[in-house]
Amino acid sequence: MDSEKSQLLQKTHETILVTFTQEFPFDQMDELIIEEVTGFGTTKDEKIIGLKHFKEVLGIQYQQSKVLGISVSYNDNAKIQWISDDENSALLISDFVLDIETPQGSNSVDFRLSTLFEWKKNKWKLVHWHGSTPVNVENDAWHLTEWKRKNEELQKQVDAQTKDLKQKNEQLLKAKEQIEETLKELKEAQAQLIQSEKMASLGELTAGIAHEIQNPLNFVNNFSEVSNELLDEMVEEIENGDYEEVKAICEDLKENLSKINHHGKRADSIVKGMLQHSRTSSGQKEPTDLNNLIDEYLRLSYHGLRAKDKSFNSDFKTDFDPSLPNIEVVPQDIGRVILNMFNNSFFSVNEKKSQNPETFQPVVEVSTKKLADGIEICISDNGNGIPEAVRDKIFQPFFTTKETGQGTGLGLSLSYDIIKAHGGSIKVDSEVGKGTSITIKL
Amino acid sequence: MKILVVDDEQDVKTLFEQRFRKEIRSKVVDFVFAFSGKEALQYIDKLDHEAILILSDINMPGMSGLELLKEIKQKELVPKPIVMMISAYGDEQNYNTAKSLGADEFLTKPVDFKLLKEKLQLN
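Chains as they are written, first to last, in numbering that gives the first Met the number 0: chain A, 0 to 441; chain B, 0 to 122.
Hints are all accurate, no fakes.
Here are a few chain B residues that sit away from chain A, every Cβ distance over 12 angstroms (derived from the structure): (1) Met0; (2) Lys1; (3) Asp29; (4) Lys45; (5) Ile51; (6) Glu75; (7) Pro78; (8) Lys79; (9) Pro80; (10) Glu117.
Sample of chain A residues at the chain B side, in silico, Cβ under 10 angstroms: (11) Ala209; (12) Leu216; (13) Asn221; (14) Lys258; (15) Ala306.
No lab work stands behind these hints: they were computed from the structure.
Virtual Cβ for every residue (Gly too), placed ideally from N, Cα, C.
This is chain A alone, in the form it adopts within the complex (with noise of 0.2 angstroms):
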């Protein structure tokens, strides 16, 4: 043999011994073994059939030597070689001392390797290898008892805190049924909440709404009674001749009829405001006169505060603009949403009233506005306005400044609700002392 092929042959043995002790190139493997190598190491289950098996249980052994912290060192002292007389095979037999440290101590073993190699495409690959130690050998140089030891404290490890682990997820499990029936009594909960708010509104609109349907009611009376008498007043100037009066009488009439209609319907409107604002919304949009709603909830809410407080009462301004066209929203939310508004104005003026009851003059005013995107509601007043510190609590749900029992803290957060749902906007400015301004955009 060459000296070059044999200086090949203890390279290719050295890294081979590397590989089986310390480093575990397993990407060099593949240039030095062949695919169906074969081994046998010094008990019954260290039989390697293939580079596959090899390359997997040398896998296990450089983990197992990582989380056991054990390094290997080996000091090659001999070597015995024989060379086929084709000088294609050759037989290594190499006798050394592996140096073993564990956490547990350090050990020392004699090993003997060997190695049969092949020269296959100008390289030497192994083909066939065999471990051994020599029979005096203490038995438990690698410490397998401790690794044992240890495998199976872990494994009991392992075991409780999957128990652990079982026991936490069924806890989890119960907080989650238990938080999911939470959120499902608070949603039920919410939902009375809201359907009181809307009863309590409606409530405090009684006399209100009384008055407002009283109100039209009276005018249908008068008119149709003053119909009548005009009717026998016609028949006398027929009589007299008169027929210029008649004609005016006959105007009059006319006029008396539209004005039953118009007061018929108005309080027609204001019944049917009334179901719709006690009913749970339907959720639907329909084409709605804002300038016509708003201006019903003005007067429920002012004559509901008047029923209530005999002392109480404000002016009132209207500025709608003629120009606004009939928009789509749920109408009893909206009519929510203004309600709310004037209560709140109201009750601010008032406050105000009575702090100043000689000097103050309290005013609440509403406004529409067409944009060119959408319309524009303004409410507001020239009562005490809204302290800073509030200011951004006021739309939070159950915030209140009123007394206990005298507002349910939702008024201002359904009408926020209610105002995003419409993809509408609600601005807010105040200032303590002159009053404060509400504009909506829908």
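Use these hints to put chain B onto chain A, whose structure you have.
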């Protein structure tokens, strides 16, 4: 007889004009209408010792009928106007307040025009 009717509802004017059609034509009565307390006071201030009967609603935005009544009484007009207050049915509290403020008559809505005419001695 000059009668000042104070009510924020515009239709009240039509109603009175029709109800007192004959009396207006024969100039037995002369109606003036004001649609707020403020407007009523402006009219009263322009009066030149004229006898007047004031028929005022109580429930009005801004200055209420009771406030108007108080102001009228403070003016100590000569001759003293007759003031009749009108309010919603069953409004005991306002009735008592109006009486204590010196209202001459108190009518409830809906106004019974026959009764009103009796009170005005127009029948």
